[in-house]
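There are 2 protein chains.
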Amino acid sequence: MAVAIVTNVRPWGGPAADVVVDGGRIREVRPASGADAAADGERIDGGGLLALPGFVNAHAHVDKSWWGLPWVPYGGEPTTQGRIAHEREERERYGLPSVDAATAVLREFLRHGTTATRTHVDVDLGVGLRGIEVVREAADRLGGAVDVEIVAFPQDGVVRRPGVLDLLDEAAAGAASIGGIDPAGIDRDPVAQLDGLFGIAERRGVGLDIHLHDHGELGAFQFELIADRTVRAGLQGRVTISHGFALGELPVPRQRELLERFEEAGISWATVAPPGTAPLPWREMAARGIGLGLGTDGIRDLWSPFGTGDMLGIALGFARLHGMRTDEDLTEAVALASTRGSRFVHRDLHDLVPGAPADLVLVDAENVPDALVRCPERKLVIAGGRVVARDGDVLL
Amino acid sequence: MAVAIVTNVRPWGGPAADVVVDGGRIREVRPASGADAAADGERIDGGGLLALPGFVNAHAHVDKSWWGLPWVPYGGEPTTQGRIAHEREERERYGLPSVDAATAVLREFLRHGTTATRTHVDVDLGVGLRGIEVVREAADRLGGAVDVEIVAFPQDGVVRRPGVLDLLDEAAAGAASIGGIDPAGIDRDPVAQLDGLFGIAERRGVGLDIHLHDHGELGAFQFELIADRTVRAGLQGRVTISHGFALGELPVPRQRELLERFEEAGISWATVAPPGTAPLPWREMAARGIGLGLGTDGIRDLWSPFGTGDMLGIALGFARLHGMRTDEDLTEAVALASTRGSRFVHRDLHDLVPGAPADLVLVDAENVPDALVRCPERKLVIAGGRVVARDGDVLL
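The listed protein sequences correspond, in order, to chains E and D. Heads up: the first sequence begins at 1 in the numbering used here, then just goes up one per residue. Heads up: the second sequence begins at 1 in the numbering used here, then just goes up one per residue.
Rather than coming from a laboratory, the hints here were simulated on the basis of the structure. It is possible that part of the hints are untrue.
Repeated chains share a single entry, so a pair holds when one copy, or any two copies, can fit it.
[Said to hold, decoys possible] 20 Å max Cα-Cα, derived SDA-like pairs, lysine to any residue: (1) Lys-379 to Leu-259; (2) Lys-379 to Asp-391; (3) Lys-379 to Ala-278; (4) Lys-379 to Ala-16; (5) Lys-379 to Asp-45; (6) Lys-379 to Gly-392; (7) Lys-379 to Pro-15.
Please read all numbers here as calculations on a predicted model, not as lab measurements.
This is chain E alone, in the form it adopts within the complex (with noise of 0.2 Å):
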């Protein structure tokens, strides 16, 4: 690939910068020369934006969403169950899931300056694993340009749906991370449910995300069962719990007793911000090194006709459900959108930084905080070193 040098940006609201370019990654970021710096290669005017990383969306469901379709009018019930039961009927009806509509997504996050995303993608008795194959050509119509880590998500329940566990081993024979949900909530035996996921993580040698929806101490012994047996299969590292609603509900003490646990089982937690939950003590996590990454979840699909697909828009939710106001917080919140998504994407570096992805999002904005709080319109994404998308429209 072409060595290009995108000149004249403020890497996370610093002094001026050009940033090189070579093989689709960062060489080298260096203050702006003014002047015709690249010798060889494309030149890119960053034209004094501010830049950030791609985004990084570490919970996302681009196999369901309508996203380019008319309009549909939300149907579902108000418990978890009852939306997975009328997603289940209802979604043929629109052609769920669909290439066309999975690659509007991936586009839609693209236009928003996401480069990177993990989606969870419903496997269950009724589609099969087609919904991998619909995301995984939505991701090649795209070039790569957004980086997609699929998990194949029992959406429908594990246990209570025989067959769905081996559709979960054939799909981490074909590489994919694997989910889970609600093992007690859904399943409604949560060891089951765990030991089944886990056999298949140990022996095919893949990742777990789980989501976890159940409140209170409910939620919280299974997040005991779930650090127990990582720490057992050896998994540190690589299991993630979504959503946990629970965690931010317990008192401060039984927050942190869990915290420990999953300190020692180097879990991640992926969270949406939606609000009205509850504030999760993110502080302590960063401290003890407990991966953090925000996600949209679901956008417009039968679940809920909510979503953009704008990450920053996330980061958003988040700093203001967690009552984030300095800067250094809301440069943070920013952070926890890009940087910090590098372990749900497989990236060991994703920053403004030599080696990193050339990944990069510009707006015209003053700082990080005053492009957090407004969320202007990505003005230039680049995604491998490549333009992707321009004054909000994706070039692909």
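Please build the complex by placing chain D on the supplied structure of chain E, with the hints as guidance.
The following block gives chain D in isolation, referenced to the frame of chain E:
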């Protein structure tokens, strides 16, 4: 004022219509003619866009924002008390209140389609009534494109700051409504503050809009004191409680008791729907005819770096906080940010109907829920029949 016709718009997502404007008001809304319908007057091409009424911001603080000035890192304290003190110490350093900054805020409102606002304006021993003059001058600069209703707001307390009641009385003589703040929590003497405020309101014939952050039963106690005084003073329909966080926090039977009192006293309610606060019983409030308006609160000020002035974003936050999901509910959220706000800005009628002020906002959206969820750019903003913003830029 000249006759104008806004052609080919979809009011509230309905069939294409032409909106005939005369003397700053809507004269007629008729099926789109598709032909050269207007014999005289200006034609404004609506391009098939979704039309909503201008947004109404029922609770703003346009005097204290540093919008348009360089970024100010947040340096306040986490309590209401601490933030009040911080603001009074720091505001002069940033030249607040300033006509330029207040104008910048109003322009930002307008850019996002807000054509009428109620704004609380600080009145205290330091600034006196200067803030009110500043805001009036800012509104004048925009030629009344944003209809501004002023509430003289004793942010720093009333009883604890002898002399402030006299300032409020003077402001009321100049036709401003008057405000109050946490008669218990800040002034430490709820009866004295409320007696003072209601005395002025009765004598001057102005409305009251009281900030109430106090939680739980302490908040409820003050709701009762306010309702009692409202009935006694014959001020039914003239009194608003702003924030009133306590209402959502109380058990449903207690809420119901209070709602009965509010209904009897004609008390209305303004909320800025902060994430993490308790949802309001909005359905029951609507069923009882208790007015509910949405507002931005202060944006980008010494209290908080958040806020953009986008009422559609506030409606979205309200919808998410209250678990609204059906098309009907999502449309109601937008109505709360527009038509339902009329009573907060002294308008009998505010909608896309004959007789209403010709305030229209056009967006490229499939329907109202789609507009709410995406909060897209305002393609065209019309205030009093005049195009005041286009493609996100204010034309004034």
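Here is how each hint holds up against the structure:
no., hint, verdict
1, Lys-379 to Leu-259, "neither (39 Å within a copy, 48 Å between copies)"
2, Lys-379 to Asp-391, "both (4 Å within a copy, 16 Å between copies)"
3, Lys-379 to Ala-278, "neither (34 Å within a copy, 37 Å between copies)"
4, Lys-379 to Ala-16, "within (17 Å within a copy, 33 Å between copies)"
5, Lys-379 to Asp-45, "within (11 Å within a copy, 28 Å between copies)"
6, Lys-379 to Gly-392, "both (6 Å within a copy, 15 Å between copies)"
7, Lys-379 to Pro-15, "within (19 Å within a copy, 35 Å between copies)"
Of the hints listed earlier, those the structure fails to meet are numbers 1 and 3, in rising order.
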